[in-house]
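Residue strings, one per chain:
Protein chains: 2
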Amino acid sequence: MERKEFRDLATPAEAHEAIRSLSLEAGIERVPLAEARGRVLVARMDAELDVPGFDRASLDGYALRAPDTFGADEADPATLELVGAVHAGEEPGVTVGTGEAVEISTGAVMPDGADAMVPVERTDEDGETVLVRTSVAPGDNVMFAGADVAAGERALGPGTRLTPREIGLLSALGIDEVPVRARPRVGIISTGDELVRPGGDLESARGEIYDVNSYTIAAGVEEAGGEAVVYPHAGDEQAEMERLLRQAADECDLVLSSGSTSASAVDVIYRVIEEQGELLLHGVSVKPGKPMLVGRLEGGSSNDPAGEASSGSVDGEGSSVAGGNSAYVGLPGYPVSAMMVFRTFVAPALREAAGLPEPETATRTGRLAREERSEQGRHRLVPVGITTDGDGSTLVYPVDKGSGATTSLAEADGVVEVDADTDYLEAGETVEVRLFSPDSRPPTLFGVGEDDPTMNRILDRLEHPRYLAIGSRPALRRLRDGVPDVAVVAGPLERTVDHVELGSWTREWGLIVPPGNPGDVQGVFDLLDRDLRFVNRTTDSGLRTSFDATLETTADRRGSSRRELASAIAGYDIGLRAHESPARRVIAGEADVALGLRETATHLGLEFVPIDEQSVRVLVAPDRTDKPGVSELESAVSQMNQ
Amino acid sequence: MERKEFRDLATPAEAHEAIRSLSLEAGIERVPLAEARGRVLVARMDAELDVPGFDRASLDGYALRAPDTFGADEADPATLELVGAVHAGEEPGVTVGTGEAVEISTGAVMPDGADAMVPVERTDEDGETVLVRTSVAPGDNVMFAGADVAAGERALGPGTRLTPREIGLLSALGIDEVPVRARPRVGIISTGDELVRPGGDLESARGEIYDVNSYTIAAGVEEAGGEAVVYPHAGDEQAEMERLLRQAADECDLVLSSGSTSASAVDVIYRVIEEQGELLLHGVSVKPGKPMLVGRLEGGSSNDPAGEASSGSVDGEGSSVAGGNSAYVGLPGYPVSAMMVFRTFVAPALREAAGLPEPETATRTGRLAREERSEQGRHRLVPVGITTDGDGSTLVYPVDKGSGATTSLAEADGVVEVDADTDYLEAGETVEVRLFSPDSRPPTLFGVGEDDPTMNRILDRLEHPRYLAIGSRPALRRLRDGVPDVAVVAGPLERTVDHVELGSWTREWGLIVPPGNPGDVQGVFDLLDRDLRFVNRTTDSGLRTSFDATLETTADRRGSSRRELASAIAGYDIGLRAHESPARRVIAGEADVALGLRETATHLGLEFVPIDEQSVRVLVAPDRTDKPGVSELESAVSQMNQ
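Residue numbers (my numbering), protein chains in the order written: chain S, 1 to 642; chain W, 1 to 642.
Calculated from the structure, these hints are not laboratory results. All figures in this text were calculated on a predicted structure; none of them were measured in a lab. For every residue, glycine included, the Cβ atom is placed at its ideal position computed from N, Cα and C. Check each hint, because a few of them may be wrong.
If you want the footprint, here are the derived chain S segments under chain W, 3+ residues with CB under 8 Å [said to hold, decoys possible]:
#	region
1	145-152
2	452-460
Counterexamples of contact, computed for chain S against chain W with all Cβ distances above 10 Å [claimed, not checked]:
#	residue
3	R206
4	R243
5	G482
With the hints as constraints, model all of the structure from the sequences given.
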């Protein structure tokens, strides 16, 4: 198969232009008023009736002829004859003549003959006559028909987003159904044999991982005003992928695929686009996102077994809303990259098609916490996190874990664009962050450090914390760099940084073994002298440094070196990141002994062989001590210790 | 029936406290991940598995033993034997020994024996051997199992709002259902015989009006994170109202009623609360909102014909989510008052129950455009509109049309609270507006003036205009007061204000008569000399002033006065607000001749008797000429004139 040649990568501006040139608009639909909140009107709504539709009493009181009250006051009331009553919701059965009054309730129709009303507070009544202790002018306390909204008036214009207030206006006009922009339908197709939909069974031995992008991009689509359609997972089987792609093109206004970077997936997409559409660009000079594909797909394939496509409309000019004609954009596979490309290139076009403005909270300006160097000559999308400093102003920090890490998701709040001509952003420079969600807000507390069960419980009590369990040493480094508020550290530390200690607690650590301790493990020497499979923690963990210190002492006693002892332990180099991970290997039968906490052993129903206690300390950056989230943490720590 | 006595009005703080004391929380529900966007987690989510679950190749290339590459470079590549291949999604069927390499694709499982990989770009392969032109260290280009997320790690905390990013994290962990706070169910009951649900038929002669509050408050409830249940309209029939109230108390966490100020409605509410609940307060010292009721209702009434209540659980301690126990708040009946009280007292409690923070855009700070005097001694909720001045900073202006006017809805964006001790807010003072909706934004253009069909078409082309058709004279007054950007005026003006004229067009006006002109009306003199029923426009309208000027001229010719001529016209004093309104009276057969525009006559299929032309001029406040919305208007006006 020959491929259309795209010798040069497109510029980001050309990519925006290509996506804008595709029609993502989904037409018009009529929705009941009760479901219209957040939707966008497509037509002007004029008042078809007067509001109120009749001359209406504004208060409870008496309807009368104003001239009959002229000159009346407290001292010299006018005396009128009571000739009837009108209540709200009934047609007046009486006419008001000179010298007469009619009892009337708020909202009731003014009877013929009356031209004003007096509130009940300024009157006395004995069943036959009404004493009026004030004078009124014609029209007083009456809302005339059409005074509020007059028939024929322009009420709401096209493009209006319907909030409760507009729903109120439409209600007043009696309108119970409104023409609004249909939400663009966006089909999401994930490919790749290794992907399993969340909730499914994972075979790690086969290299399977959960599909992150489908639901994530679907949520992004809905946030941008679209309607997401997640198609079944296609695997790498070409025929099935082709069938899904054609079906999605039939049914949607836009088809997004992610991770279709394998040669066979690209082949299918090329084939379908060549046969039934047009490829607008392949490859954009932006990192990440270089292999982005943008094109147009025509639906109506006879391959479609579901029969959604009307037969004979192969030219795609059907009458369906989706029109059998769909835009196509291929996104990167790595989740943060996919979100960045979606947010930068696709979401603005979707919002425009849906008629929605970008929410004011969708971008945030802040100060770059540390310098950022870029490869020259390439437009870059930099994933960043946001937090606040001691003064409450926004700090922006690049998140760089390698785009393969889904944990970047925990830390990245949005994207900063750096253009091809900029190779260096200074620390302190003001940057604009396009947030992944307008609902994103900076954490109330940003902590880094040990993975610790007590800390986890403390975090559960805080308002909106961000905590990265990266271990003690990286935590100190980050605290020094000025981004997080607190570092939670444990075990011997080689160095320290300026801090204020906010609180601490102790944890008991040792060796975790299967229930009943079948290997009869008594202490560290068993690891050295016997053939046991051990699992360690990472070198960044406080448990690991305490364990190494214990080995050091043992080595001193034995006249050996720590290094030598370590090499005698099978599995010493297997350093796992979370506090429960080694113990879970014991449960899985993959290890005999794990480094861990007494609490972990208890929690997982395993047996614990104590070695020592260590202190877990919460260190606060000196300029963050007054931050509300730090005070909240301080009281949570002290409550936890009670 | 005796009523619990509330001698003193409660303070606003006591009202907040009373509502907070009612439990609006709706418990926990489990939702599929695909529907979890915007929901709030109720429990901590820990990782139950390692991500990735296996040692994973980060690139396409070759898996090998790192020591085999030590010292290799472009000039002196290492030569390894190719022993197999592993693709993403398959279990490795091969082991890597010393001197061996295995082809591996991105995302595939590292085969046993290999501890690193080299990217394909740094290699050459001939099918049997692989030349490696670089040296790698153990672990290079490999993401180890659990390196991204380790089993047992805390992933998300309770109270986390789920945005696309969190949905990505949960997807990575394979979680497809999450425990979230259930949305508080809020029942909405509207009472009053005069109310008709939008879409129904209105009998104006009976004083019926459309029910504005039900859908408006429902939309507000949903915006605050609740689920709205709009109950059928109850009328004023006590038994039916009582039945609905009990049913709503059974089914909901909160019941809101509005406009239940009629004595009979209050009686029913009192009776139900006395029998099955507790009244916490009646009457709050706040304007509007004084008659606010706050209480607790217990469901489970045997009166409930729908049978939703389990029999025998009259004490309300059932096991249903709503618990048969509901909070109750009575809102004012006038729409803007109801919205203000809802927004001020109810929405914060609902958000708290739903676990949602107040959106950052839900309040807005601005400068008060004109002074505001308050009655002393009463806490006030002041409805305000927002707009921007020439510098783009926010201007806040009180909207005061009397609380009965639903058109306040078109202008009011939110509420400013003024406490009882403050009787005067100075112009220019900074105030905080609690917006009716976090989606509210200031209009891009704020215009006031003539109701004119050309202007309506121009407005349809603007981004987000606000236009109040209040007529020429009030428009000039408002322009002078510094709030709107433009005034659209027509007809003779007594005075003018500083302005820049942005553009103008002409409109032909005259008399509108039924098709075929059955009365053979030729001009103004027919009105004077014959017995015709006429309908006029309001004195604020430019058509009215031009018509009066014509009468003046005629009077001069006849040696009479305008006043005298006017009194000879039956219906001269019937001044209607919108440009189409008089013509619609002709259609309805209620008038023979209407003042109006040629365009209106054509549009409505009526006949037109021309009198004159008048110019409609768009006047801009001198400090607003640079506002983007004004430039947008200018080009729309000039396009309209082409």
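Status of the hints after comparison with the structure:
1. Remark: the region 145-152 of chain S is confirmed as covered by chain W, as 8 of its residues place a Cβ nearer than 8 Å to a Cβ of that chain, reaching the required three.
2. Look at the region 452-460 of chain S against chain W: 3 of its residues bring a Cβ nearer than 8 Å to a Cβ of that chain, three or more, so the hint holds.
3. Here R206/S does not stay apart from chain W, with its beta-carbon only about 5 Å from theirs, under the 10 Å limit.
4. Distance to chain W confirms R243/S as a non-interface residue, since its nearest Cβ pair spans about 20 Å, more than 10 Å.
5. Chain W leaves G482/S outside its interface by the beta-carbon criterion, the shortest separation being 24 Å against a cut-off of 10 Å.
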